[in-house]
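Asker: Here is what each chain is made of, one letter per residue.
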Amino acid sequence: MPELTNEPTTATNTVGIAFIVDYLLTKRPDLDSIDPDLDLIESRVLDSLGFVNFLYALEEHTGREISLDQVSPEDFRTVNRIAARFLHDVAND
Amino acid sequence: MPPDLAADATGATDERFKTVLDRLITMSQRDYYDPYTLFDWPESLPEDAWWMSPELLTLHNTEYGKTLTEKQLRAVSRWESLNFYSLNVHGIRELLTEMIARIHTDEFALPSEYFHHVIGEENEHMWFFAKFCLNYGRIYPNRAMAFAGPGIPEADHFLVFSRLLIFEEIVDVFNQKMGVDDRLHPTIQQVNQVHHQDESRHIAFGRQAVALLHARLRDTLGQGELAELERYLKQYMRSSVDSMVSPAVYRDAGLPEPYQVRRAVLADPAHEDYTRTVLRRSVSFMVNEKIFSDDRIPPACPN
Ligand SMILES: [Fe+2]
Ligand SMILES: [Fe+2]
Numbered sequence: 001m002p003e004l005t006n007e008p009t010t011a012t013n014t015v016g017i018a019f020i021v022d023y024l025l026t027k028r029p030d031l032d033s034i035d036p037d038l039d040l041i042e043s044r045v046l047d048s049l050g051f052v053n054f055l056y057a058l059e060e061h062t063g064r065e066i067s068l069d070q071v072s073p074e075d076f077r078t079v080n081r082i083a084a085r086f087l088h089d090v091a092n093d
Numbered sequence: 001m002p003p004d005l006a007a008d009a010t011g012a013t014d015e016r017f018k019t020v021l022d023r024l025i026t027m028s029q030r031d032y033y034d035p036y037t038l039f040d041w042p043e044s045l046p047e048d049a050w051w052m053s054p055e056l057l058t059l060h061n062t063e064y065g066k067t068l069t070e071k072q073l074r075a076v077s078r079w080e081s082l083n084f085y086s087l088n089v090h091g092i093r094e095l096l097t098e099m100i101a102r103i104h105t106d107e108f109a110l111p112s113e114y115f116h117h118v119i120g121e122e123n124e125h126m127w128f129f130a131k132f133c134l135n136y137g138r139i140y141p142n143r144a145m146a147f148a149g150p151g152i153p154e155a156d157h158f159l160v161f162s163r164l165l166i167f168e169e170i171v172d173v174f175n176q177k178m179g180v181d182d183r184l185h186p187t188i189q190q191v192n193q194v195h196h197q198d199e200s201r202h203i204a205f206g207r208q209a210v211a212l213l214h215a216r217l218r219d220t221l222g223q224g225e226l227a228e229l230e231r232y233l234k235q236y237m238r239s240s241v242d243s244m245v246s247p248a249v250y251r252d253a254g255l256p257e258p259y260q261v262r263r264a265v266l267a268d269p270a271h272e273d274y275t276r277t278v279l280r281r282s283v284s285f286m287v288n289e290k291i292f293s294d295d296r297i298p299p300a301c302p303n
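As they're listed, the protein sequences go chains A and B. 11 is the number that full-length UniProt numbering gives to position 11 of the first sequence; each next residue is one higher, with no gaps. 110 is the number that full-length UniProt numbering gives to position 110 of the second sequence; each next residue is one higher, with no gaps.
Simulated from the structure, these hints should not be mistaken for laboratory data. Do not rely on the hints blindly, as some may be mistaken.
Okay, derived cross-link-like pairs now, DMTMM-like style, lysine to aspartate or glutamate, Cα gap no bigger than 25 Å in a straight line [what the hints assert, rightly or not]:
id, chain 1, residue 1, chain 2, residue 2
1, B, LYS18, B, GLU107
2, B, LYS131, B, GLU228
3, B, LYS290, B, GLU107
4, B, LYS177, B, GLU257
5, B, LYS66, B, GLU230
6, A, LYS27, B, GLU289
7, A, LYS27, B, GLU272
8, B, LYS290, B, GLU230
9, B, LYS177, B, ASP22
10, A, LYS27, B, GLU228
11, B, LYS131, A, ASP37
12, A, LYS27, B, GLU107
13, B, LYS131, B, ASP182
14, A, LYS27, A, GLU74
15, B, LYS71, B, ASP273
16, B, LYS177, B, GLU63
17, A, LYS27, A, ASP37
18, B, LYS66, B, GLU199
19, A, LYS27, B, ASP268
20, B, LYS131, A, ASP30
21, B, LYS71, B, ASP48
Per label pair, the in silico range of CB-to-CB distance [as the list claims (entries may be wrong)]:
id, chain 1, residue 1, chain 2, residue 2, range
22, B, GLN72, A, THR14, 47 to 53 Å
23, B, ASP48, A, ASP37, 35 to 41 Å
24, A, ASP37, B, CYS301, 25 to 31 Å
25, A, LEU25, B, GLY151, 21 to 27 Å
26, B, PRO46, A, ASP37, 52 to 58 Å
27, B, ARG276, A, THR26, 36 to 42 Å
28, B, THR67, A, THR14, 26 to 32 Å
Over 12 Å on every C-beta distance to chain A, these chain B residues come out as not near it, computed from the model [what the hints assert, rightly or not]:
id, residue
29, SER53
30, THR187
31, LEU226
A quick note: this is a predicted structure, and the numbers were derived from the prediction, not measured. A virtual CB, placed ideally from N, CA and C, is assigned to each residue, including glycine.
Could you put the whole structure together from the sequences, leaning on the hints where they help?
Answerer: Dropping the structure here:
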């Protein structure tokens, strides 16, 4: 069984991070890039109103329904955290 | 800040508000019923019937909806009906949480007696909506996540009661139509009808509370902050309407590419008509009370 990892430097996560960053950049065309450790909530890249679309994009990308009962806004605070929480084992499914 | 929700310098508003509250309490006592024995819950409901008025479906009049058979649309109506009650369950959770946080605090001394009625009634609504979902399908998971609001602490109560009012007004658009729609199973009609009856009182209260709280904010906030509140509430309306457009519903109804369906619906001009139908009453209230400067709601964002 492949090893699951939360390290953001694995190949899977590089793809995942690129997906998240690309998505968020289409939301915020005023930004040139998004640091994977940028606080997305503080900087208003993510807010509760744009959140649902992002959630659906993540679900579509991973092919899995995400239940919000088990997650908190903290899980969405940075690109790295999102990747670690939702994308780390996509390639192993 | 005045000691309770309604007090102003003259006490005049206070008197009017108190009269409304007394009337609502009397009505609530008069209309009291036992939800646990009121409803007839058949073992199952016919799966190939309309579960929601077809004109209220998110796919109504959309280009994609026109490509589906009536059988497929009826399947969508079944899961969309269940999603509607699920949104009620989650919305009521927020409502109860916020009301319980305020009942019998100094600022809400005056409406607290009425809050007891609302809290009791909403507990019962949550029970019958959840029961419907669990009997005949499932409770769809909550898709809303609470991030920080517009960052105007003085407007906290106003925003809470505005959100609750908008939620109740949207739900009531569906309840009013579905409560008397003979195409729907009697149990579906009954759930909607009973809820509409109670909500007409809650909405009357909500309108009074929101108007009073905003009148007070107009004395203390600047134009920029008031405009920010308007912007926030309009976005809230938009995301509330769009929460009916659910990929999980389309998937359960057997439609392929459910995320693509959601994007197509949100991008369809018919979705603007849907938005107007669902929001008409709450937007005109907000405009009449000068809480909104116009009736324009931000467009849906498909991506
Ligand atoms: Fe209710
Ligand atoms: Fe209510």
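Asker: Could you work out which earlier hints the structure fails to respect and list their numbers in ascending sequence?
Answerer: Violated hints: 2, 4, 5, 6, 9, 11, 12, 18, 20, 22, 23, 27, 28; rest satisfied.
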